[in-house]
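**Student:** In case you want the letters, here they are:
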Amino acid sequence: MKQRIYMDHTASMPVDPRVLEAMLPYFAEKYGNPSSVHSWGTEPRKALENARAEIANLIGAKKSEEIFFTSGGTESTNIAIKGVANRNKDRGNHIVTTSIEHMSVINPCKSLVKQGFEVTFVPVDRYGVVDLQALENAITDKTTLVSVAYANGEIGTIQPIREISEIIHRKGALLHVDAVAACGQIPINVQTDNIDLMSVSSNDMYGPRGVGALYACTGTRIEPIIQGGGQERGLRSGTENIPGIVGMGKAAEIAKAEMRNEGERLASLRDRLTRGVLKSVPASFLNGHPSKRLPNNANLRFSYIEGESLILSLDMQGIACSSGSACTSKTLEPSHVLLAIGLKHEDAHGSLLFTLGRQNTQEDVDHVVNALPDIVKRLRAISPLTPKEMLQ
Amino acid sequence: MYTDKVLDHFRNPRNMGEIPDADGIGTVGNPVCGDLMSIYIKVKDNRIEDIKFKTFGCGAAIATSSMITELAKGKTLDEAMKISRGDVASSLDGLPPIKMHCSNLAADGLHAAIQDYLKKKGAEK
Numbered sequence: 044m045k046q047r048i049y050m051d052h053t054a055s056m057p058v059d060p061r062v063l064e065a066m067l068p069y070f071a072e073k074y075g076n077p078s079s080v081h082s083w084g085t086e087p088r089k090a091l092e093n094a095r096a097e098i099a100n101l102i103g104a105k106k107s108e109e110i111f112f113t114s115g116g117t118e119s120t121n122i123a124i125k126g127v128a129n130r131n132k133d134r135g136n137h138i139v140t141t142s143i144e145h146m147s148v149i150n151p152c153k154s155l156v157k158q159g160f161e162v163t164f165v166p167v168d169r170y171g172v173v174d175l176q177a178l179e180n181a182i183t184d185k186t187t188l189v190s191v192a193y194a195n196g197e198i199g200t201i202q203p204i205r206e207i208s209e210i211i212h213r214k215g216a217l218l219h220v221d222a223v224a225a226c227g228q229i230p231i232n233v234q235t236d237n238i239d240l241m242s243v244s245s246n247d248m249y250g251p252r253g254v255g256a257l258y259a260c261t262g263t264r265i266e267p268i269i270q271g272g273g274q275e276r277g278l279r280s281g282t283e284n285i286p287g288i289v290g291m292g293k294a295a296e297i298a299k300a301e302m303r304n305e306g307e308r309l310a311s312l313r314d315r316l317t318r319g320v321l322k323s324v325p326a327s328f329l330n331g332h333p334s335k336r337l338p339n340n341a342n343l344r345f346s347y348i349e350g351e352s353l354i355l356s357l358d359m360q361g362i363a364c365s366s367g368s369a370c371t372s373k374t375l376e377p378s379h380v381l382l383a384i385g386l387k388h389e390d391a392h393g394s395l396l397f398t399l400g401r402q403n404t405q406e407d408v409d410h411v412v413n414a415l416p417d418i419v420k421r422l423r424a425i426s427p428l429t430p431k432e433m434l435q
Numbered sequence: 058m059y060t061d062k063v064l065d066h067f068r069n070p071r072n073m074g075e076i077p078d079a080d081g082i083g084t085v086g087n088p089v090c091g092d093l094m095s096i097y098i099k100v101k102d103n104r105i106e107d108i109k110f111k112t113f114g115c116g117a118a119i120a121t122s123s124m125i126t127e128l129a130k131g132k133t134l135d136e137a138m139k140i141s142r143g144d145v146a147s148s149l150d151g152l153p154p155i156k157m158h159c160s161n162l163a164a165d166g167l168h169a170a171i172q173d174y175l176k177k178k179g180a181e182k
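Each protein sequence line maps, in turn, to chains E and F.
All letters in the first sequence, in the order written, are residues 44 to 435 by this note's numbering.
All letters in the second sequence, in the order written, are residues 58 to 182 by this note's numbering.
Worth flagging that the hints you see were computed from the coordinates, not collected in a lab.
The structure presented is a predicted model; accordingly, all values stated were derived computationally and were not measured.
Using N, Cα and C, we set each Cβ at its ideal position, and we do this for glycine too.
Worth double-checking, as some hints may not be accurate.
Stated by the list, open to error - No more than 27 Å apart at the CA atoms, straight line, and that leaves these computed lysine-lysine pairs for DSSO-like:
{"no.": "1", "chain 1": "F", "residue 1": "K99", "chain 2": "F", "residue 2": "K132"}
{"no.": "2", "chain 1": "F", "residue 1": "K177", "chain 2": "E", "residue 2": "K431"}
{"no.": "3", "chain 1": "F", "residue 1": "K139", "chain 2": "F", "residue 2": "K62"}
{"no.": "4", "chain 1": "F", "residue 1": "K99", "chain 2": "E", "residue 2": "K431"}
{"no.": "5", "chain 1": "F", "residue 1": "K132", "chain 2": "F", "residue 2": "K177"}
{"no.": "6", "chain 1": "F", "residue 1": "K178", "chain 2": "F", "residue 2": "K130"}
{"no.": "7", "chain 1": "F", "residue 1": "K101", "chain 2": "F", "residue 2": "K176"}
{"no.": "8", "chain 1": "E", "residue 1": "K420", "chain 2": "E", "residue 2": "K431"}
{"no.": "9", "chain 1": "E", "residue 1": "K106", "chain 2": "E", "residue 2": "K299"}
{"no.": "10", "chain 1": "F", "residue 1": "K109", "chain 2": "E", "residue 2": "K431"}
{"no.": "11", "chain 1": "F", "residue 1": "K178", "chain 2": "F", "residue 2": "K99"}
{"no.": "12", "chain 1": "F", "residue 1": "K130", "chain 2": "F", "residue 2": "K176"}
{"no.": "13", "chain 1": "F", "residue 1": "K132", "chain 2": "F", "residue 2": "K62"}
{"no.": "14", "chain 1": "F", "residue 1": "K62", "chain 2": "E", "residue 2": "K420"}
{"no.": "15", "chain 1": "F", "residue 1": "K109", "chain 2": "E", "residue 2": "K420"}
As the list claims (entries may be wrong) - Covered stretches of chain F, as calculated for chain E (at least 3 residues, CB under 8 Å):
{"no.": "16", "region": "66 to 75"}
{"no.": "17", "region": "86 to 96"}
{"no.": "18", "region": "111 to 123"}
Said to hold, decoys possible - Which residues of chain E face chain F? A partial, calculated answer using Cβ under 10 Å:
{"no.": "19", "residue": "I354"}
{"no.": "20", "residue": "M359"}
{"no.": "21", "residue": "S368"}
One chain only, chain E, in its complex shape:
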């Protein structure tokens, strides 16, 4: 059988078998509601609090009560941004974020603009690192919240979060960190990094989809979005998704234990992939920061050709990855992240994103490095943009 290689872990990750095993009893055996007074609720309630403690432990939260379970990273981010902005309206109506945030940050910010809030998007440099001076200048006495991703899910660049939080707190605003791409990949400590709110997702650390968490430092004023029975201390009503939460807790426990070794292994595979491709394919480039990047992220750019046709060609050889090309988006615009780091539209179209995972091996990387040159060559032969001398 043809080798199948999945290198699109930013799109979706498999659930770790140990996670799945931990979840299974909570569907049909231990199905009680954690809010119940009777004994059916006892075990699910314990499992819920145990998972909360695992998330708190993974991110270095002081208390597990600072963890609130949600339906995923997108919901956590929505609660953080809209909930903090609305609850702190008496203090100001200004939000600051960056030009490379995920749509789950950008779109809530845009919806706040319609309600009369002001939003400033701070630029980044050509590696995707936030311009700290521009950030400092953007924060006014009306700024209540600043939202910055710990690491960018597309180009992998890791932000200097500690410096960012120092600037923000000096200016008297709160910091929300979107850690969906980073959490479980690199060590994060909300206390030493001085983070007020942080969004994390279960599936991005080999847990099930449909569950995530928001860390909110004790005393942070947030208005709930989903209201009802008052679960999650009133911040997120709705009967808890116990199997999902148990899965996320187990995923966090595994990430905590294995992150160091796995991160080193992935970073070495990532570098092998990047070096191999840049060496064997002419006019190919790395997007994002050369060293301050997520261990699993290799975002590569190929001149004169378009990313979707690269994905299709790779798929025909059993290799899965993503692209920042417009042709793979729903908006017909290339990735705003690639444009924000200064790429021209036509170059942004030619980007490929490989995100590695636990199942990937050195053999997989070598297979991709061997497959890419011919694929690129074929598409360049079809493209009218390719310089004649390159085709000889």
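Position chain F against the provided structure of chain E, taking the given hints into account.
**Tutor:** Same frame as chain E, now just chain F:
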């Protein structure tokens, strides 16, 4: 996402390349939008005797370019002018809705090549 026919034309594009002494060349699209295609035609006795293409773009852009060369080859100029975007899409057993206008430029490219030929021919007289 794509039909088998689209994937077939993407994998094995027909009539790919340039015609160095083309009678007409049509270039449509824009690399900024992610799609750019050039159609080259050779005309004899008012018929498209030869046709080739070069395309920068997604799978749909490459497949529609390939398909238009098959549809147009051997046709009279009048017949070729009548080939529409819809004809190209249906010959490929359909395209995803989002690709219908952005990447389905091949008919425009063919028409531009024919107009280029007619313009050059008019100038010769």
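**Student:** With a cut-off of 27 Å on the C-alpha distance, tell me whether K132/F and K62/F pass.
**Tutor:** 22 Å, holds
**Student:** Please check whether M359/E passes as an interface residue: C-beta within 10 Å of a C-beta belonging to chain F.
**Tutor:** 7 Å, holds
**Student:** Given the hinted pair K420/E and K431/E, is their Cα-Cα distance within 27 Å?
**Tutor:** 12 Å, holds
**Student:** For the pair supplied as a hint, K178/F and K130/F, confirm whether the alpha-carbon distance does not exceed 27 Å.
**Tutor:** 20 Å, holds
**Student:** So is the region 66 to 75 of chain F in contact with chain E by the C-beta rule, three or more residues under 8 Å, or is the coverage claim wrong?
**Tutor:** With 4 residues in contact (Cβ-Cβ under 8 Å with chain E), the coverage given for the region 66 to 75 of chain F holds.
**Student:** Check whether the Cα positions of K101/F and K176/F lie no farther apart than 27 Å.
**Tutor:** Holds - the C-alpha atoms of K176/F and K101/F are around 16 Å apart, at most 27 Å.
**Student:** Compare the distance between the alpha carbons of K99/F and K431/E with 27 Å, and conclude whether the hinted pair is satisfied.
**Tutor:** 22 Å, holds
**Student:** So if I understand the rule, the pair passes when the alpha-carbon distance is 27 Å or less; does K109/F with K431/E pass?
**Tutor:** 17 Å, holds
**Student:** Examine the region 111 to 123 of chain F: at least three residues should have C-beta closer than 8 Å to a C-beta of chain E.
**Tutor:** Result for this restraint: holds, n = 9.
**Student:** Double-check I354/E for me: the hint is only fine if its C-beta lies closer than 10 Å to a C-beta in chain F.
**Tutor:** 8 Å, holds
**Student:** For the pair supplied as a hint, K178/F and K99/F, is the alpha-carbon distance within the 27 Å limit?
**Tutor:** 12 Å, holds
**Student:** Can you confirm whether the C-alpha distance between K109/F and K420/E stays at or below 27 Å?
**Tutor:** This hinted pair holds, its Cα atoms lying about 19 Å apart.
Violated hints are absent here; each numbered hint is respected by the structure.
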